[in-house]
Amino acid sequence: GNSVTQMEGPVTLSEEAFLTINCTYTATGYPSLFWYVQYPGEGLQLLLKATKADDKGSNKGFEATYRKETTSFHLEKGSVQVSDSAVYFCALKEGGSQGNLIFGKGTKLSVKP
Amino acid sequence: EAGVAQSPRYKIIEKRQSVAFWCNPISGHATLYWYQQILGQGPKLLIQFQNNGVVDDSQLPKDRFSAERLKGVDSTLKIQPAKLEDSAVYLCASSLADRDTQYFGPGTRLTVL
Numbered sequence: 117g118n119s120v121t122q123m124e125g126p127v128t129l130s131e132e133a134f135l136t137i138n139c140t141y142t143a144t145g146y147p148s149l150f151w152y153v154q155y156p157g158e159g160l161q162l163l164l165k166a167t168k169a170d171d172k173g174s175n176k177g178f179e180a181t182y183r184k185e186t187t188s189f190h191l192e193k194g195s196v197q198v199s200d201s202a203v204y205f206c207a208l209k210e211g212g213s214q215g216n217l218i219f220g221k222g223t224k225l226s227v228k229p
Numbered sequence: 699e700a701g702v703a704q705s706p707r708y709k710i711i712e713k714r715q716s717v718a719f720w721c722n723p724i725s726g727h728a729t730l731y732w733y734q735q736i737l738g739q740g741p742k743l744l745i746q747f748q749n750n751g752v753v754d755d756s757q758l759p760k761d762r763f764s765a766e767r768l769k770g771v772d773s774t775l776k777i778q779p780a781k782l783e784d785s786a787v788y789l790c791a792s793s794l795a796d797r798d799t800q801y802f803g804p805g806t807r808l809t810v811l
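Heads up: the sequence lines are chains G and A, in that order.
Everything in the first sequence is counted per my numbering, starting at 117 for the first residue and increasing by one.
Everything in the second sequence is counted per my numbering, starting at 699 for the first residue and increasing by one.
For the record, the hints were derived by calculation from the structure and aren't laboratory data.
This one's a predicted model, so the numbers in the text were calculated from it and none came from an experiment.
Hints are supplied without guarantee of correctness; some may be wrong.
What the hints assert, rightly or not - Here are some, though not all, of the chain A residues that point toward chain G, as calculated from beta-carbon distances under 8 Å:
{"#": "1", "residue": "700"}
{"#": "2", "residue": "703"}
{"#": "3", "residue": "706"}
{"#": "4", "residue": "750"}
{"#": "5", "residue": "751"}
{"#": "6", "residue": "779"}
{"#": "7", "residue": "783"}
{"#": "8", "residue": "789"}
{"#": "9", "residue": "793"}
{"#": "10", "residue": "802"}
As the list claims (entries may be wrong) - Computed cross-link-like contacts, SDA-like style, restricted to lysine to any residue with a CA-CA straight-line distance of at most 25 Å:
{"#": "11", "chain 1": "A", "residue 1": "713", "chain 2": "A", "residue 2": "725"}
{"#": "12", "chain 1": "A", "residue 1": "742", "chain 2": "G", "residue 2": "123"}
{"#": "13", "chain 1": "A", "residue 1": "742", "chain 2": "G", "residue 2": "187"}
The beta-carbon is built from N, C-alpha and C at its ideal position, and this holds for glycine as well.
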């Protein structure tokens, strides 16, 4: 069945460091791909998305490119801030009218000043 | 625009007791979802409603879990009787339609002792 695999956390970085969180997926067909972020004590928020191959999603300095050939959707940011500390979830949504979100296990990011 | 509301935020019960969670989606959103998020894992879909009809409840443990969405607006999720392994955060999400972005509420953290 469809699934999402994320790199294990936690990830600890210093402020202004470069961030990569790896995400690969298994799916039949052509899913849409998402990154959600969960700040401490808050609900999940959509960070960015891509709906077809080679699309690049971007928001708040974060980027991810839908790579069909490597079935990947890695999250990157050039310079992280303390306020980026959160748990990041990669997810896919199957196509069709009854598709639902399938999430990875999440990667906890801690950014130190 | 008001977000997805959930209550209570926290609940502690003993095993074999019953519990209910409430969700009020964003106004006008036809699709409503309940997810279970066990500590250290990504959210898992329990049930999806389209207006007041069930679209997908394939992962809902129907011997103990039930959900309803009367009048196609608010929804309640019930567990009766609860087991230790039901300890998790229960997330409600809504979207305009099935294909659209899902917006998540803050969740209800359930602890079963």
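Status of the hints after comparison with the structure:
no.	hint	result
1	700	13 Å, violated
2	703	10 Å, violated
3	706	15 Å, violated
4	750	17 Å, violated
5	751	12 Å, violated
6	779	27 Å, violated
7	783	17 Å, violated
8	789	7 Å, holds
9	793	10 Å, violated
10	802	4 Å, holds
11	713/A x 725/A	35 Å, violated
12	742/A x 123/G	18 Å, holds
13	742/A x 187/G	21 Å, holds
Going through the hint list in order, the structure does not satisfy hints 1, 2, 3, 4, 5, 6, 7, 9 and 11.
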